[in-house]
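Fit chains U, D and E with the ligands to the supplied structure of chain A, relying on the hints for placement.
Listed here are the chains, written in short residue letters.
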Amino acid sequence: MIRDERIPSEQLQRIDEELRAGWPTGQAVDFEEAIRYHESLPAHKRFADVLETADQPLLQPRAGVPRLEDQIELLRYLHGEGEADLLPTTIDSYTRDNEYAKAQEGLENARESGTDTLNGFPAVNHGIDGCRALIDSVDAPIEVRHGTPDARLLAAITFAGGFQSFEGGPISYNIPYTKRHDLATTIEHWQFVDRLAGAYTERGVRINREPFGPLTGTLVPPSIAITVMVLEGLLAATQGVRSLTLGYGQVGNVVQDVAALRALRSLGEEYLPDEVCVTTVFHEWMGGFPPDEARANGVISLGGMTAAIARPDKVITKSPQEFQGVPTKEANAAGLRTTRQIIDMALEQQIDIDGIEDEQALIERETHALMESVFDHGDGDVARGTIQAFDAGALDVPFAPSDSARGAVLPARDDDGRVRILEFGDLAMDDDIREVHAARLARRAETEGRKQSFRMVADDVDAISDGRLIGRPNGGGNRAD
Amino acid sequence: MIRDERIPSEQLQRIDEELRAGWPTGQAVDFEEAIRYHESLPAHKRFADVLETADQPLLQPRAGVPRLEDQIELLRYLHGEGEADLLPTTIDSYTRDNEYAKAQEGLENARESGTDTLNGFPAVNHGIDGCRALIDSVDAPIEVRHGTPDARLLAAITFAGGFQSFEGGPISYNIPYTKRHDLATTIEHWQFVDRLAGAYTERGVRINREPFGPLTGTLVPPSIAITVMVLEGLLAATQGVRSLTLGYGQVGNVVQDVAALRALRSLGEEYLPDEVCVTTVFHEWMGGFPPDEARANGVISLGGMTAAIARPDKVITKSPQEFQGVPTKEANAAGLRTTRQIIDMALEQQIDIDGIEDEQALIERETHALMESVFDHGDGDVARGTIQAFDAGALDVPFAPSDSARGAVLPARDDDGRVRILEFGDLAMDDDIREVHAARLARRAETEGRKQSFRMVADDVDAISDGRLIGRPNGGGNRAD
Amino acid sequence: MSRTVVLGVIGSDAHVVGITILEQAFSAAGFTVINLGVQSSQTEFAEAAVTHDAEAVLVSSLYGHAEQDCQGFHDVLEDHGVDAVTYIGGNLSVGQGDFEQTRETFEALGFDRVFDAETGPEEAIAALKRDLHITTTEHERATVTT
Amino acid sequence: MSRTVVLGVIGSDAHVVGITILEQAFSAAGFTVINLGVQSSQTEFAEAAVTHDAEAVLVSSLYGHAEQDCQGFHDVLEDHGVDAVTYIGGNLSVGQGDFEQTRETFEALGFDRVFDAETGPEEAIAALKRDLHITTTEHERATVTT
Ligand code: B12
Ligand code: B12
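Residue numbers (numbering that gives the first Met the number 0), protein chains in the order written: chain A, 0 to 480; chain U, 0 to 480; chain D, 0 to 145; chain E, 0 to 145.
Do not take every clue at face value.
Stated by the list, open to error - If you want the footprint, here are the derived chain U segments under chain A, 3+ residues with CB under 8 Å:
#, stretch
1, 250 to 259
2, 329 to 340
To be verified - Label-pair ranges, simulated between beta-carbon atoms:
#, chain 1, residue 1, chain 2, residue 2, range
3, A, D135, E, D52, 57 to 63 Å
4, D, Q100, A, D128, 34 to 40 Å
5, U, A391, A, Q349, 35 to 41 Å
6, A, E31, D, D111, 56 to 62 Å
7, D, A27, U, F30, 57 to 63 Å
8, A, E111, D, D111, 31 to 37 Å
These are computed hints drawn from the structure, not numbers from a lab.
These figures come from a predicted structure and were not determined experimentally.
Ideal Cβ positions, reconstructed from N, Cα and C, are used throughout, including at glycine.
Excised from the complex, chain A in its bound form (with noise of 0.2 Å):
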């Protein structure tokens, strides 16, 4: 069975070797010509450095497209009148099934056609080439972002084409992902990524890797999220991942999500190893949108003032049309500069909240339960309790699509908006942290008069795209109007 140990050269070299067979652009990769590339890049390429050594949030955005050129020119739009710090290189879903003949028809019907029907960037098609056309075309650190359960081959031709980032993890790329996909599976293919990544650290190339920190971006409570982080952290530390960039997904209720910000931070300093620089990120709101693009802005500030006061390292920023699909160019450089304006105009103020302190200590609390229950269920090893507690439902994440999670925890919010739990299933968490939660939401039921059920979460579910934060019956609303 697996375990958390770092996968031994002869065997990191032999799937190499076997990956790389797999897809012919494979064949080009050579490590030791990958480390004098990324050698030759300037400083403000170096995507760990950049991202460790900023001294206020940096903004990065979302965006991929099938074509080459395309994505320079995307790229540098979104650097240049989108002022991102930051920059992406999202994949597209046939590389992420590993589809490659799928994305090649894809990438070719796009390049003839002139229209894309992929959604991102085919990275394993375009080839080591391809990508360092893309590196030497983009005054910026560019990371790799994706949704790949097996993103074995993905990374090591992006690595080699000189990307210096890398989201994704065994838990954060399956549950919310996937269906079929088993855990097992999933760590260890991602020991090899995060070992890979290790390789490229030990000759002084520091790849950062960041776990996904959002899930299935709809109401996850920030402990389940925080120990997920936390769990792949380890899981990469282990085979020798330096630059760790821990992600969070907004709620939208400000005190929790800078709580959850500052429990992220301190919890993964706790839990990994010192030799390892953690980092966070905040994402925007990854929930369902408002489907107009005013009340768009009006959510993605909210995150930009949440930012400004929990200062993370970096934020994943939205664009104004979320809601509707894939966002032009314009509209995601949009969604940059908006919440640039709220971040820089908010961020030499001095915001103190009450409350963020004790929402943090529980949170705080909540991941030590479930991470201990891990440990547990691992028997002291992270790669077996992880697999395991998910199994056991110890462990789990509401709405996750996969078959490796129970999907029985429902989250839904208390009177505040935040999000607590209102079914754990099996969820490791003592009857002391159950009743906080029951009492919360005993409360907002209260103020509703109505009975916690599955209609509240639905309500929750869909309250920001109908314009509040909490699904209260009749939309909340004695409005005047």
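What follows is chains U, D and E with the ligands alone, placed relative to chain A:
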């Protein structure tokens, strides 16, 4: 010399008749018939009632176009698509100058050519019938917003025309809006407007009056704005006004803005007689906007966020096109919905920020000092006191274009972005207060390694339009990119 | 007797929240819902429709690959002998496309109705009742019996 | 000798902040600035230009009535015998107009240069130095003597 005394009815009547003879549409005013018209209006068009009974901040845009049909369409749009709770009718600049003939020309021009060269709705020219056609066609309360030093005829016609709320006042529509009007005259003119509002009020038609809080919109220290609000409130109350909405324009520092809105409410209640119902209005940032709609949305959202925390009774929204010129109706509605979204998401959250009480206490102390000085200057009479205090520079407004104000006060932001006073001139604030300001500004100067000077003020004037709150040298930036 | 609908997310799309809400809403409205979950293949839809004798097949797609994922879908249904009402909904095109065009595309692929992401479940339920000629009384009975 | 410019806001426009910044910037750049303030008439501009023998007349307008307010302005200047460079800047049209069109309108009215509200003072100062053939040395002398 003018005094703060109620205009006797005979005098009211005489002035009224004189005035109405001044322009053809004036003749049609019939007080008794006007009362009947107001009585015929449904509850949801009664401005004061709607505002005073609301249980969350109501939103109101600014908007005015020359032609009646266009104004109807515009207001319906802002009510429907913009979800505005309260509506405005902004008057054109010729009317503000009492140049009704020029306004007539502009209006006819607009009717013929179809392009608008007037920057607002010339209500005097539209006359009572035009006003009532507007009131009848739109399903929400509507306020007259203008900037007219001598608004007597405008008031006579719009009150009779069915409007139940009227912005402005003798100081707030003089000092920021004109160069050569003396305060004694504008006070006399506004006593008439207020007395007219009082006459309606006595007959059960409570006309809401709203002094213009933002003044010059540019770094106005809260205590100065609040003092002007209280003074205009007192003058209005003397004339029988019973529904008063005191205003305040966002400065952009959340703590200071929340403190100022609370101080505004508490000082309003402290100074105004019990029979006056005091409400508050918060104006989203009234200074220079960024020349970029995306960034403007960030500015607007910071206003919405502040409003959610401070909970004024009303919020006047800005549009993302503020920088450029009069906004399209779509942009205007967008500003409303962006504001609505962030307010509604934040409103139910408990957000208690440290330091608000201290800042509020400082604002109240300063306002007390200014008010006391006004009373002293007028030997207890507010009208005389106002005139003399402005004359002496004991009361002053920064960036005032008017000859009636010294304009010697210079504001600048402190290191936290709060607006402080750099040059007091003869402002009636004692040394203790001056020292607080000086210390705060000294700290900023130290942070920036430069002297306090007009350069700092100019940098602060441009800061928000340049993308930040505080005008630091070289844009404040060690930005990573 | 309760009417049966098959519901799922097609292709390799994993957006599950929408169908979770739809499942709950259709159940509450009296339908028997066979929820295939996310990442369901065309064949899985067809087989479930046969097995459960479904009267409607509700396809969801959010991630922007719906058009590719639905190529030939109605042939597969026909091959399995499925003669059900077919709906599709969600974010059906990549990018900021015009919805009328999207509707035409998916109608041409054989769907009886096409919904955008602004559609609330109520709207789809009302449409399905009309298409299946379900009267309110029958619906109410259905609600009681399920 | 320092070069003199007349500065003011025309018509019944009261937006004073812009000219306050401009006054400071032009003074710092070595010009003698005669600031008429807001709500200045065409005649006031012309008379000040004569009195102070100004080499440039800088007109500001923000409130959207610039076009009406500037009708015949250059005739008035001519009548007074003013032969100065004329600039106008600010928010020159009502609404969200296209700036190129605005520029043409005001050039047709006789202005030598037309600036939008995004113009920083530096830009206008640089342009004026070019138009008045002020070399940097002369400018530096000017800065010293004022
Ligand atoms: C949450 C979310 C995620 C979560 C999903 C978690 C999960 N497993 O469910 C995560 C973060 C994992 C995710 C991943 C991705 N996402 Co996503 N995601 C969203 C988001 C923000 C909300 C979706 C949601 O849950 N809404 C709430 C539910 C209740 O609403 P709904 O899904 O729209 O469903 C309702 C209606 O559409 C309708 N409906 C839906 N289906 C049907 C079917 C029928 C028959 C009927 C009648 C009605 C109907 O009724 C539902 C209930 O009211 C949307 C944007 C948005 N809408 O705001 C993007 C969005 C759908 N995602 C998008 C993309 C591109 C992706 C990724 C490819 C991203 C990436 N590049 O990494 C991956 C794909 C992964 C995969 N394999 O599927 C795009 C799709 C673009 C397009 N179509 O052009 C969107 C629109 C964002 C964007 N603007 O780019 N995403
Ligand atoms: C503050 C402000 C006010 C304050 C003014 C206080 C005062 N006395 O100064 C108050 C609240 C009183 C006010 C009133 C009005 N305002 Co006003 N106001 C503004 C605002 C928000 C900022 C202006 C400002 O101070 N900017 C900061 C300074 C530093 O920049 P600036 O003025 O643009 O000047 C710079 C440049 O333009 C340039 N420049 C300017 N002039 C010149 C000249 C030359 C030769 C050169 C080279 C350069 C140059 O250099 C300057 C320095 O950098 C603007 C919108 C905006 N810009 O964000 C609206 C705006 C100018 N106002 C507007 C309007 C309509 C009015 C009113 C008619 C409003 C009303 N309907 O009630 C009244 C008019 C009153 C009157 N009689 O003039 C409109 C004008 C619309 C148009 N042109 O189509 C604007 C654009 C707002 C809008 N979008 O509707 N306003």
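Hint check:
Using a Cβ-Cβ cut-off of 8 Å, 4 residues of the stretch 250 to 259 of chain U lie near chain A, which meets the minimum of three, so the contact claim holds. With 9 residues having a beta carbon nearer than 8 Å to a beta carbon of chain A, the stretch 329 to 340 of chain U meets the requirement of three or more and the stated coverage holds. Against the hinted window of 57 to 63 Å, the Cβ-Cβ separation of D135(A) and D52(E) comes to about 59 Å, which satisfies the hint. For Q100(D) paired with D128(A), a C-beta distance near 36 Å keeps the hint of 34 to 40 Å intact.
A beta carbon spacing of about 36 Å between A391(U) and Q349(A) agrees with the range 35 to 41 Å that was offered as a hint. Distance hint check: the CB atoms of E31(A) and D111(D) are about 59 Å apart, consistent with the given range 56 to 62 Å. Taking 57 to 63 Å as the suggested C-beta distance range, the pair A27(D) and F30(U) conforms, at roughly 59 Å. A hinted range of 31 to 37 Å for the beta carbons of E111(A) and D111(D) is consistent with their spacing of about 32 Å.
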